[in-house]
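Please put together the full structure from these sequences, using the hints given.
These protein sequence lines are chains L and V, in that order. Here our numbering is used: the first sequence runs in plain steps of one and ends on residue 254. Here our numbering is used: the second sequence runs in plain steps of one and ends on residue 1662.
Listed next, with one range per pair, are the computed distances between beta-carbon atoms:
#  : chain 1 : residue 1 : chain 2 : residue 2 : range
1  : V       : Ala1402   : L       : Gln41     : 33 to 39 Å
2  : L       : Gly229    : V       : Thr1509   : 27 to 33 Å
3  : L       : Gln116    : V       : Pro1444   : 52 to 58 Å
4  : L       : Lys242    : V       : Pro1464   : 58 to 64 Å
5  : L       : Thr124    : V       : Pro1444   : 56 to 62 Å
6  : V       : Asp1375   : L       : Glu217    : 41 to 47 Å
7  : V       : Lys1463   : L       : Gln116    : 56 to 62 Å
8  : V       : Lys1417   : L       : Gln39     : 58 to 64 Å
9  : V       : Ile1400   : L       : Gln39     : 34 to 40 Å
10 : V       : Ser1504   : L       : Thr162    : 39 to 45 Å
11 : L       : Gln41     : V       : Asn1362   : 53 to 59 Å
12 : V       : Asp1368   : L       : Glu217    : 48 to 54 Å
13 : L       : Glu217    : V       : Ile1400   : 43 to 49 Å
Treat the hints as calculated values from the structure; they're not laboratory data. Keep in mind that this is a model prediction, so the values were computed, not measured. Backbone N, C-alpha and C fix where the C-beta goes; we use that ideal spot for every residue, glycine too.
Each chain, written out:
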Amino acid sequence: MKQIVTAILLCTLMSSTRLLAATAPQQQEFEKANALFRQKQYTEAAGIYQRLVDEGFDQPELLINTGNAWYKANRTGLAVYSYEKALLADPFSKAAQHNLAIANQRVEGYVNELPQLFFQQWWTAIKYMHHPNGWATGAIIFCWLTVLGSILLLLRPTLQPTVVKSVTGVFGLLFAFYLFMGITTYVSATTHDNGIIMGNVVKVKSAPDQGSKDLFELHEGVKVQITDGTSEFCKIELPDGKTGWMSCGDIKKL
Amino acid sequence: MKVITFSIRRSLLSLLFLLGIASSLRAQEFKFTTTVSSNKVALDEPFQIQFMLENGTNVTQFTPPNFNDFELLQGPNQMQGTSIVNGRRSDYIALIYLIRAKRVGNFTIPAAAARVNGDIVKSNPVTIEVAKGISGSAAQQQQPQRQQVPVNPFAGMGQRSAPSHQAEEMEGVIKNGEDINAKLKKNIFVKVDVDKTSLYEGEQLTATYKLYTRLPTNASVTKVPAFKGFSAKDIELPNPPQASEEMVNGIPYRVFVIRKTMLFPMQSGTLELDPVEVDNHVRLVKLVKNGKRKDPLADMFNDPAFKDAFNDPFFDDVFNRPEVEYQDVPYKIQTAPVKVTVKPLPVDSRPASYNGAVGRFNMTATVDKNSLSTDDALTLKVTISGQGNVNLLNPPKVDIPASFDKYDPKVSDNIEKNSNPLTGSRTFEYVLMPVEAGEQTIPPVEFSYFDAASKTYKTVSSKPFTIHVTAGKQTKRDKEDFSINKNAITNNSNSVLDWVKHNSYFITTIWFYLLLVLPLLALIGAWLYRRRLDYQQNNAAFLKHRYANKVALKRLELAARYLKEGKDKAFYEETSRAVWGYLSNKLHVPFADLSKQLIQDKLAQQHVSEQYTADLFDLLDNCEMALYTPNHNNTRMQGTYQQAVQVISKLEDELTRAKSAV
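Structural data, given as structure tokens:
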């Protein structure tokens, strides 16, 4: 059932965009950057990729290419950032996972993140079954179907009421689930509580002011979780549990 | 032992002389040498034998060898002194004997022994060839003894000093009006000999730099050739340098080899051997105009006062020959540059395993064990021996299978000293660590060289080696995976992408909520519609009854107020009036015409059940009775009121139904 719905949703989305893509100016830019990459002009290629990313495109392929170009241009922080972004867009992208692992080898003081537990993986898999918009669209469709069933029940009570009732019930549950997922994915997509360190060597302080004690140092490319923050200082937490404050300017939020 | 103590003056002079001839002394190195003035002597020719102890400390005893076949003419004369040359200081003790051969033949003068620092040391034995009469020896014999001053070992490079000698006494004499430069040019020159001028790249070339002289000279090499484009290997020269005689244009010269080098061209083309530059200090004897003696050294040995002394012309000059002048003439000479044509090695027939060897070689390859465990290491030893550029050999290519860890080979040379052409061997030791157990095969080692004589490439190869490897205790190391996927980023994706921005969220748009609300509105609409339908179908009667009840309550409104106030007479009156009023209204009968009979008929006509009619009359009777038998009973009043409401409601219902039925 879900698959059929997904398929229908995707088909409608794709068919409208496929035709546009071939001639899109972005595709030309993308191909130009690919050519530059092949000529080993990594910084130039990365610049074009990054411009596309900054325009708001988040295709995993684009993000992986961006990361590759930054990696080759020796900008580890930006490479890690791009790969992490690619993983946000598609957490099961093998290429992004692999390249991120390689880029992280260059990161000084990289702390391995714990792998996700099986239910966390399931949860991620479910979350990424659709794009947030897909979930919302699904919610609308199931809402309509539920209402349709309900109306049928109300107006034609004689028409196999048990079948209609159970189908409508299923639709109702699905509607509730899709609505919930839509809200959840929207919230998780719009909260930026992870970031990548961009400064070469960043001092992490014990309190949010410049004069406070230095706790430890972080190097470019380290992924941190932002747990709190003022306009200037962000409270960060590392996968190994260390916390501290640092200037928000040195973190690029995912 | 007879010890002659020299006068200070004489020692000093000797010392000065020695300083003059010895360009350098190796400081603080102990040496005990025997030198003779000439290894080839004529019978009856007296010659000197000198035993020299250099830097010997605490010399307590000296035993001269047995001069069996020689006649001791003089000696020993002892000399002792210190010389400082080039800042290096050396002490020496010299014992000099003048001897003469008794018979013709080859004789060996055995080593002399001395006790130095408590140890017995021995000098080198010397072989003397005694001839009956050498050609030209007659002339020589008339001359005083040829002076061959023992020289000290060579110092470092470039400061090689050829011994000062007198090639021919007469040549050292400048006659009046003779041009010194022309004389020098004629009598001293250096020459470079090469054994070939056209050769292959890597082939050996021997260059010999020789000094030809007929004058006593003190030569030092000031400029050594750099041999650009060659790999050079010097041949060690005999020490002290041995002079040989060579005839050039019929004139005998004494020839000293300054330098002998084996050269291996590193590049093809025309290469030039750099010249060698030699600085000479030629000692010339200048006769004063009224010189009494033509030959300054003619009667040197006849002078009894100095017979014991070091046979030094200097001595004679200073003390005996005031009429002879010595002149040290500096003279710089250099070799003519020599051009050598180097041919490149043929390319077309070059084997794959060739890597630069030229000459004639043989190769052996051995492994030190044929069976080992993976904990152990194996050594593959490849020895290349032969003639050629041994010192330039590159390691032969060995295809070690992947089941072995290979390390860079250890290279060791064993080159025969002073071999010409260069002969020796170079050994490459490859240490191999087996990684996998099982039967492993090391492919044959192949080595190719270019044979300059036959102008062909030759290849030698060994047998393949079969190695039995057993599993060792050490756990197998994880082979590091260097495949592309492991430590390189993946390739870029060049596919066509859907250029859709995903940063707008449907859930935040008004459409989402509109589309959500719309079906809910539809649902509400449907529900309302259904409710109306239900009302029409099932609840109409109930609603009508409720209406009737309402009518009754409205009619009994006043009665209810009287009930509350407790005015029983007014209450009953009003209840009765309300019922009559209701009936007159409903049955469309004027109030004045109302009677029980008429009402009964009318109700029957409208099919109102008998029971309702009975209830109605019962109520009316109750009211009349209460009106005329007044007793204040609130409970009864209440009951009557309820009864009235019920009756009116029921009648209303009945009448409406009857009406709709019609």
